[in-house]
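All chains should be modelled from the sequences, with the hints used to inform the complete structure.
2 protein chains.
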Amino acid sequence: MSFDVLQEKIIARKNPTVAGLDARIEYVPEHIRQESFFAHGESRRGAAEAVWQFNKGLIDALCDIVPAVKPQAAYYENLGWEGMALLEHTIQYARKKGMYVIADIKRGDIGTTAAAYSEGWLGKTKIGGTSCAAFDADCVTINGYMGFDAVRPFLETCKAEDKALFALVKTSNPSSGDLQDRTLDGRTVYETMGALVEQWGAGTEGKYGYTRCGAVVGATYPEELEKLRAQLPHTFFLVPGYGAQGGTAQDVRRAFHEKGHGAIVNSSRGIMCAWQKTGKNGLDFQEAARAAAIAMRDDIGAYVAFEE
Amino acid sequence: MSFDVLQEKIIARKNPTVAGLDARIEYVPEHIRQESFFAHGESRRGAAEAVWQFNKGLIDALCDIVPAVKPQAAYYENLGWEGMALLEHTIQYARKKGMYVIADIKRGDIGTTAAAYSEGWLGKTKIGGTSCAAFDADCVTINGYMGFDAVRPFLETCKAEDKALFALVKTSNPSSGDLQDRTLDGRTVYETMGALVEQWGAGTEGKYGYTRCGAVVGATYPEELEKLRAQLPHTFFLVPGYGAQGGTAQDVRRAFHEKGHGAIVNSSRGIMCAWQKTGKNGLDFQEAARAAAIAMRDDIGAYVAFEE
Numbered sequence: 006m007s008f009d010v011l012q013e014k015i016i017a018r019k020n021p022t023v024a025g026l027d028a029r030i031e032y033v034p035e036h037i038r039q040e041s042f043f044a045h046g047e048s049r050r051g052a053a054e055a056v057w058q059f060n061k062g063l064i065d066a067l068c069d070i071v072p073a074v075k076p077q078a079a080y081y082e083n084l085g086w087e088g089m090a091l092l093e094h095t096i097q098y099a100r101k102k103g104m105y106v107i108a109d110i111k112r113g114d115i116g117t118t119a120a121a122y123s124e125g126w127l128g129k130t131k132i133g134g135t136s137c138a139a140f141d142a143d144c145v146t147i148n149g150y151m152g153f154d155a156v157r158p159f160l161e162t163c164k165a166e167d168k169a170l171f172a173l174v175k176t177s178n179p180s181s182g183d184l185q186d187r188t189l190d191g192r193t194v195y196e197t198m199g200a201l202v203e204q205w206g207a208g209t210e211g212k213y214g215y216t217r218c219g220a221v222v223g224a225t226y227p228e229e230l231e232k233l234r235a236q237l238p239h240t241f242f243l244v245p246g247y248g249a250q251g252g253t254a255q256d257v258r259r260a261f262h263e264k265g266h267g268a269i270v271n272s273s274r275g276i277m278c279a280w281q282k283t284g285k286n287g288l289d290f291q292e293a294a295r296a297a298a299i300a301m302r303d304d305i306g307a308y309v310a311f312e313e
Numbered sequence: 006m007s008f009d010v011l012q013e014k015i016i017a018r019k020n021p022t023v024a025g026l027d028a029r030i031e032y033v034p035e036h037i038r039q040e041s042f043f044a045h046g047e048s049r050r051g052a053a054e055a056v057w058q059f060n061k062g063l064i065d066a067l068c069d070i071v072p073a074v075k076p077q078a079a080y081y082e083n084l085g086w087e088g089m090a091l092l093e094h095t096i097q098y099a100r101k102k103g104m105y106v107i108a109d110i111k112r113g114d115i116g117t118t119a120a121a122y123s124e125g126w127l128g129k130t131k132i133g134g135t136s137c138a139a140f141d142a143d144c145v146t147i148n149g150y151m152g153f154d155a156v157r158p159f160l161e162t163c164k165a166e167d168k169a170l171f172a173l174v175k176t177s178n179p180s181s182g183d184l185q186d187r188t189l190d191g192r193t194v195y196e197t198m199g200a201l202v203e204q205w206g207a208g209t210e211g212k213y214g215y216t217r218c219g220a221v222v223g224a225t226y227p228e229e230l231e232k233l234r235a236q237l238p239h240t241f242f243l244v245p246g247y248g249a250q251g252g253t254a255q256d257v258r259r260a261f262h263e264k265g266h267g268a269i270v271n272s273s274r275g276i277m278c279a280w281q282k283t284g285k286n287g288l289d290f291q292e293a294a295r296a297a298a299i300a301m302r303d304d305i306g307a308y309v310a311f312e313e
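Which chain is which? The protein sequence lines are H and U, in order.
Heads up: the first sequence runs through residues 6 to 313, numbered per this note's numbering.
Heads up: the second sequence runs through residues 6 to 313, numbered per this note's numbering.
The set of hints was computed from the structure by calculation and includes no laboratory data.
Honestly, I wouldn't trust all of these hints.
What the hints assert, rightly or not - Quick list of simulated restraints, FRET-style, between CB atoms:
id: 1; chain 1: U; residue 1: Gly62; chain 2: H; residue 2: Gly191; range: 49 to 57 Å
id: 2; chain 1: U; residue 1: Gln39; chain 2: H; residue 2: His45; range: 33 to 41 Å
id: 3; chain 1: U; residue 1: Ala44; chain 2: H; residue 2: Phe43; range: 30 to 38 Å
id: 4; chain 1: U; residue 1: Thr117; chain 2: H; residue 2: His45; range: 22 to 30 Å
id: 5; chain 1: H; residue 1: Gly62; chain 2: U; residue 2: Ser136; range: 21 to 29 Å
id: 6; chain 1: H; residue 1: Ile70; chain 2: U; residue 2: Glu40; range: 19 to 27 Å
id: 7; chain 1: H; residue 1: Ile70; chain 2: U; residue 2: Thr117; range: 25 to 33 Å
What the hints assert, rightly or not - Beyond 12 Å from chain H on every Cβ pair, some chain U residues (computed):
id: 8; residue: Ala121
id: 9; residue: Lys129
id: 10; residue: Glu228
id: 11; residue: Gln250
id: 12; residue: Thr283
id: 13; residue: Gln291
id: 14; residue: Asp304
As the list claims (entries may be wrong) - Here chain U is said to cover these stretches of chain H; the calculated rule only asks that three of the stretch's residues, wherever they fall, bring their Cβ under 8 Å from a Cβ of chain U:
id: 15; region: 128 to 137
id: 16; region: 213 to 219
All C-beta atoms, glycine included, are put in the ideal place defined by N, C-alpha and C.
Here you go:
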């Protein structure tokens, strides 16, 4: 779904945040892990089943207060095909519960390959005379290093299926400057990438003024975030780096436009692993995640308006 | 396995090429497709089973003359988890047949996420007290836009498991210049990325002098290829763009060092879809692929030495 749908879900819940579902098996509470290992062994199947129970519990606990989830593909791929089946089930369960699903896949490839990725993650694959969905998320993250060839097929699927994407611009990690901060024809690589993103999306604006081609901009570089917000007026931002990585509400407020539109802030471990800080061995993982999500909502909400 | 193993396989077969396994269901000959659709329906399972028979047949036909295969993840992901199971089986079958497997995944993410990707594709995932392999390829492609944070975990797995990777530098597609050709502190983005790749790999050189951190450099930009070959003496090159995309043997010869070392050239449709040009409805898909692979070997081999 386009960013209109995401923006509406944010306004309805007065909460511009997304919960990462990046479940390493170590993040799953002991009682769930043990039950699954008992039934399926310490195997990929055992891990996938445990994470499934954990993800379902998190989605149930969060779906009325958090507008979106962001499963990170890496933590499913490292469980092989059993992990990929788990990822499909997780995406479908979250959508059924009314959440907007951003599949964090950061794919980047060209032509027919990019088309195959966009079929797999947002659209449908033609098989003989029928068309089959695979992961069927609402939105994906992509990497535009290869240029517009890598973006166009995704954008076409987005238009056909009313969906959207986020391309990497300025990422939140310590070494993001290795390439992104280099100066290029008088401006940085990340600014150049930002300008490309704004240009690639042009013509796909929805009712809030944002195109279907959003940008990933980290909370950990607040000055760069502020500069990009000013340079990219029609680009919706996905903002990682809040919480564990060091970004604060004061930092992420710079991602939003005056009316509180145009951005969503991610937290993964802060919500998912909240149970590790309550001393109850994870039996309270749902309550702990919900409390952490509410605290994050209120922390960021203090600086953001929620006008229609 | 490090690039030593790949270089040895190239020398043994006197063939510096890799066959792409990018099987869209349309590329599978009719008789295989029909049999699978009859058994499993026009479904993801039906498609995955057909591609599995096709891939096995291609690997059987190529394994004594072609040193490596490169399955492109997109064409498996668009069949959902059934496609990912097919990809696992394909990788394991090719390795069992003595081929070097480059999983073309172009992943790029940071810290623990990159670690999870490298567990999933090259290493093992810890599950309780055991460790489980998932896709277990010999080598992967990655995207270094996010900087060294995105590369380090892969390199660590490569050292532990004696494997290797290729990072995108100058890609073969028409719009690769959108970002890669921009000028940056006096040199282009792709040269800067190339220098980072050479630097990231430093200290991991094998007996042929190449590090574990190779580079993807397209055949379709031969001048850039020649320049990068000179600038990156310790970097092994994966060269896409030969054949269907327009790169010739005259172009790709520039990727090799004097002794014929340091590069491998990919062909996907040229080998996989060779049966479409013989007028035999795909019943000869193995012979056609083998003949195309031999023709490619001889075409490129005319310009490349195979010294030990």
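Here's how the hints hold up against the structure:
At roughly 54 Å, the beta carbons of Gly62 of chain U and Gly191 of chain H sit within the given window of 49 to 57 Å. A beta carbon spacing of about 36 Å between Gln39 of chain U and His45 of chain H agrees with the range 33 to 41 Å that was offered as a hint. For the pair Ala44 of chain U and Phe43 of chain H, the supplied restraint of 30 to 38 Å holds, since their beta-carbon distance comes to about 35 Å. At roughly 24 Å, the beta-carbon separation of Thr117 of chain U and His45 of chain H lies within the given 22 to 30 Å, and the hint holds.
Between Gly62 of chain H and Ser136 of chain U, the C-beta spacing of about 26 Å keeps the proposed range 21 to 29 Å intact. The hint said 19 to 27 Å for the Cβ distance between Ile70 of chain H and Glu40 of chain U, and at roughly 51 Å that hint is violated. Checked against the given bound of 25 to 33 Å, the beta carbons of Ile70 of chain H and Thr117 of chain U, roughly 26 Å apart, stay inside it. Its beta-carbon lying about 4 Å from the closest one in chain H, Ala121 of chain U breaks the requirement of being farther than 12 Å from that chain.
Listed as a non-interface residue, Lys129 of chain U fails to keep its Cβ farther than 12 Å from every Cβ of chain H; the least gap is roughly 9 Å. Listed as a non-interface residue, Glu228 of chain U keeps its Cβ farther than 12 Å from every Cβ of chain H; the least gap is roughly 18 Å. Chain H draws Gln250 of chain U into its interface by the beta-carbon criterion, the shortest separation being 9 Å against a cut-off of 12 Å. Every C-beta of chain H lies more than 12 Å from that of Thr283 of chain U, the closest at about 22 Å, which supports listing it as non-interface.
At roughly 23 Å, the least C-beta separation between Gln291 of chain U and chain H is larger than 12 Å, which holds for a residue marked as non-interface. No Cβ of chain H comes within 12 Å of the Cβ of Asp304 of chain U; the nearest lies about 23 Å off, and the non-interface call holds. Three residues within the 8 Å Cβ limit are the bar, and the region 128 to 137 of chain H against chain U gives 7, so the coverage statement holds. Coverage of the region 213 to 219 of chain H by chain U is violated. Counting CB-CB distances below 8 Å, 0 residues qualify, and the rule asks for three or more.
Violated hints for the displayed structure, listed by number in ascending order: 6, 8, 9, 11, 16.
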